[in-house]
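Going down the list, the protein sequences come from chains A and B.
My numbering numbers the first residue of the first sequence as 1 and each following residue consecutively.
My numbering numbers the first residue of the second sequence as 1 and each following residue consecutively.
Warning: the hint list may mix true and false statements.
[To be verified] If you want a taste of the chain A side facing chain B, the calculated C-beta under 8 Å gives, among others:
(1) Gly87
(2) Ser140
(3) Met143
(4) Ser148
(5) Phe192
(6) His203
(7) Pro204
(8) Tyr221
(9) Arg225
(10) Asp271
(11) Arg273
[Claimed, not checked] To be clear about the criterion: a stretch of chain B counts as covered by chain A if any three or more of its residues have a C-beta under 8 Å from a C-beta of chain A, and this derived list gives those stretches:
(12) 133–140
(13) 144–152
(14) 200–213
(15) 262–276
(16) 324–332
To be clear, the hints were calculated from the coordinates, so they are not data collected in a lab.
Don't be surprised by glycine CBs; every beta carbon is placed ideally from N, CA and C.
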Amino acid sequence: MKASDYMVLFYASMVAVPLLFVLETILIAFGYLKFTGIIEILTALGLLVYCMIGFKEVYSQKKRSINSLSREVTVSSKETRIKHGRGEKVLDVTVKRFNLGGKRLEAHTYKVKGNRFTTVLDALLSIKSEQDSSLAVRYSCRMGICGSCGMVVNGKPSLACETPLLDTAKEDRIEVEPMRAHPLLKDLVTDFDYFFSSHKKIHPGLFRENKKEQMNATSIYNQSREERDAYLPFSYCIMCGLCQDACPVANSNKDFIGPQALSQVYRYAMDSRDQKGPKRLNLANSLEGAWGCEFAGACSEVCPKGVDPAAAIQSLKFKMFAGEDKISD
Amino acid sequence: MKKLDYDLIVFGSGIAGFKAAIHASERERSLKICVISKLHAMRSHSVSAEGGISGVLYPEVNKDSKELHAYDTIKGSDYLADQDAVELLAERAPNEIKYLDHIGVPWNRTMEGEVEERPFGGMSVPRTAFAADKTGFFIMRALYDRILENKNIDIYHEHFVTSVSIEKKRFAGLTAINIGNGETVAFKGKAVIVATGGFSRIFKFTTTSYSTTGDGIALLFNAGFALKDMEFVQFHPTALVPSGILITEAARGEGGYLRNSKGERFMARYAKSKMELAPRDIISRSIMTEIKKGRGFSSDEYGFEYVNLDLRHIDSEKLSEKLPMIAEITKRMLKLDPGKDLIPIRPGAHFTMGGIDTDINGRVLDSEGNTAKGIWAVGECASVSVHGANRLGSNSLSQCAIWGRIAGEEAAEYIKKMSENTEDKKFMEHAENEEARLNRIIESSGKNNPYEIKAELEETMDSHFFVYRKESEMKEGIRRIAELRERFSDIYLRDRGRTYNTNLTNVLEIGNLLELAAVTAEAALRRKESRGSHSVIEYPERDDGNWLKHTIISKEGSGMKISYLPVKILKWKPEPRIY
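Based on the provided sequences and hints, a complete structural model is requested.
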């Protein structure tokens, strides 16, 4: 199930709860019950408002554009260098470059030629090697598996190496800017220190009680296909940071450990080989953890590897509701 | 300048580097260990490994044995592999797969819940364990998550190593740029394990990450250590046109065909019994021969001549369960559906069998064959030599896992026994000189664009040192590389800032690539035979009488010193290589 499916369920329950209270009121009116529901009704109304805020946040996230920038933007244009070839087109690539000295974003527009195979990363690297080699971009594998090149392309958090230039361009223009939930470093590059420290905080790593046996393995742990499928989708995380960037909570609350780390709590909790048990869930049982999530679902929308952190986090909440995080003696 | 003290420095953060750090830490909890990566440590090129890791897990089920694994590897290497090292590989590989299972790799499973193994090129029976077609990625994530639990290991992300300091044949430390803020950092250490990967980026059409620039190999070469078998570069038969992105050999392991423009499965002409699962060198040559004989496709749009990979007959469930990334990549990059369309591929540089000359335990050797104190090299940057003239698919991940462990444990023992330290003063002098050198590079204002030099180097290597090599072309290539190195001494940098200056790190990488390309070219021209991945048109046959030996190259003044070393032949005598 995608996060959006969970969202439907979640909102459906939001409708169901007030209906129950209406029923309760009727029962009270006919004298079958004593009146006790006023606080609960207020809670239900509160939850409805909360849902509306959630919707609004998802919506505004998608709408994020140049106009919403709080930082000053200046514009300059660079020289063109074009070679002609089949199926090639020349585009305007606007790169919002962060300048640490001036503490602001500067929009630079470059002419770049591309064909239907050219990716946004190809375009940026051609700018770097042919027009302005001071442009800072983080990149490595160029095949969508190393997680280096997360950035915002035409308003959408994306991996540059997986984003086709021509298909993404609108009226022969494309706009690239750095992610925002991570501190800006230079041009398109952001600082991942906090992001990585969150991942470390949840103590990933498969836990076994007999560590000696684990480190000197001489057998295979049996695991059925069904057991594997329970955690496999959540093990695709490439730590690109896009979910963090899309998350409205992470953008406003710097203590929230974020969808990436939380999805990894769930990934290991669901692995039949893991023996950390309730202690693992406990790592996420806090307001900075799973309970900080407002279920906007933006993380799952932007994940380039289909990890669905939103589903993972709601499942963590269900597990905690069910008391699976309680340590018994 | 910042100075840091460590017992063990692991230079490189791929599978081999992570394994080395973990096992050193497990062996000796009191050691202070660091891992230095020029990327975020979990993003190393090992993540791009797709098909799987070799190792005999179920000898009864698959009618397999460690001896057969060793034999396949040696035959695949065209008899240039050292047979003691290959036996070690076959012996230890199964337990490494089990170890990786114990730390969380999501292997594909059989109905009984055991690890599934798939057929691979040059392997007699299925013995390649896999996690879909993202095996390297999953191993990297499991290792990274594991390493975070080892409290005595510090990770330095985005630190670019610029020099290694050796005092009296003993490791003293290394210097690095903290890419984030541009600061020079002096890492003093008692021992180093170099695990920086290969250098396939000397070529343009390559399957590998932008980061595979052989930094560790070039630094040790410049510090006076020897390189081995640098002429042997593996060209993977199925690199996607036009980007060069890898289409795993597992696509053929799971039943894929190669077809020429007549629709024929042309491998019948070259490897009757193994067909599409012959070793990579043979298939790459076959593809280039088909293209040369006019049975390839050509497309202006792709800009390459190519043949096709056919997966249309494989059922869609199998594709999505075992080759999901391949489908993802072809759909995204070319809008082709492997269930319905043919996939355009051609050979691309993929793996460098050559590298830092080490003994069987990964200890680095100088040009006289003496071991240096406190220096190990493991993984693709090292030449043990377990792959000889041609590596079999899925042997690289086992190599990284095994020698990572061996070197990590050995280094821990070495440090424990070590009594006196190297001098602080001398090392800091070295570090200050290095900082001054880097400052000069940042200020470079010559007339050449380093990126143009890199592009020309790539084109030279692609056209002069590809699958088939010709003496006259190689000579011309060597001349061009020399000219490029000359031009590289007069370059300019645009970025003079300190924060995340990749203009500077790119220039250092290009310097390393030029150095390694020159060594590769020289070694290639000198080997007057065809063996494994090295095919010379003038010498089409393997010549065991004269050339059953490793090429050893070290630096001498501004030139190179070349010598040869006999191959360790134990049980398996060279025989004709027929598949």
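Going down the list of hints, with the structure as the test:
1. Gly87: holds (6 Å)
2. Ser140: holds (5 Å)
3. Met143: holds (5 Å)
4. Ser148: Hint holds; serine 148(A) Cβ to chain B Cβ min 6 Å, cut 8 Å.
5. Phe192: holds (6 Å)
6. His203: holds (7 Å)
7. Pro204: Hint holds; proline 204(A) Cβ to chain B Cβ min 4 Å, cut 8 Å.
8. Tyr221: holds (6 Å)
9. Arg225: With Cβ-Cβ at 5 Å, under 8 Å, it holds.
10. Asp271: This interface hint holds because 6 Å falls under the 8 Å limit.
11. Arg273: holds (7 Å)
12. 133–140: holds (count 3)
13. 144–152: holds (count 4)
14. 200–213: It holds, with 3 qualifying residues against the three required.
15. 262–276: n = 0 at 8 Å, threshold three: violated.
16. 324–332: The restraint on the stretch 324–332 of chain B holds, since 4 of its residues have a Cβ under 8 Å from chain A and three suffice.
Figure legend: structure checked against the earlier numbered hints; the only hint not met is number 15.
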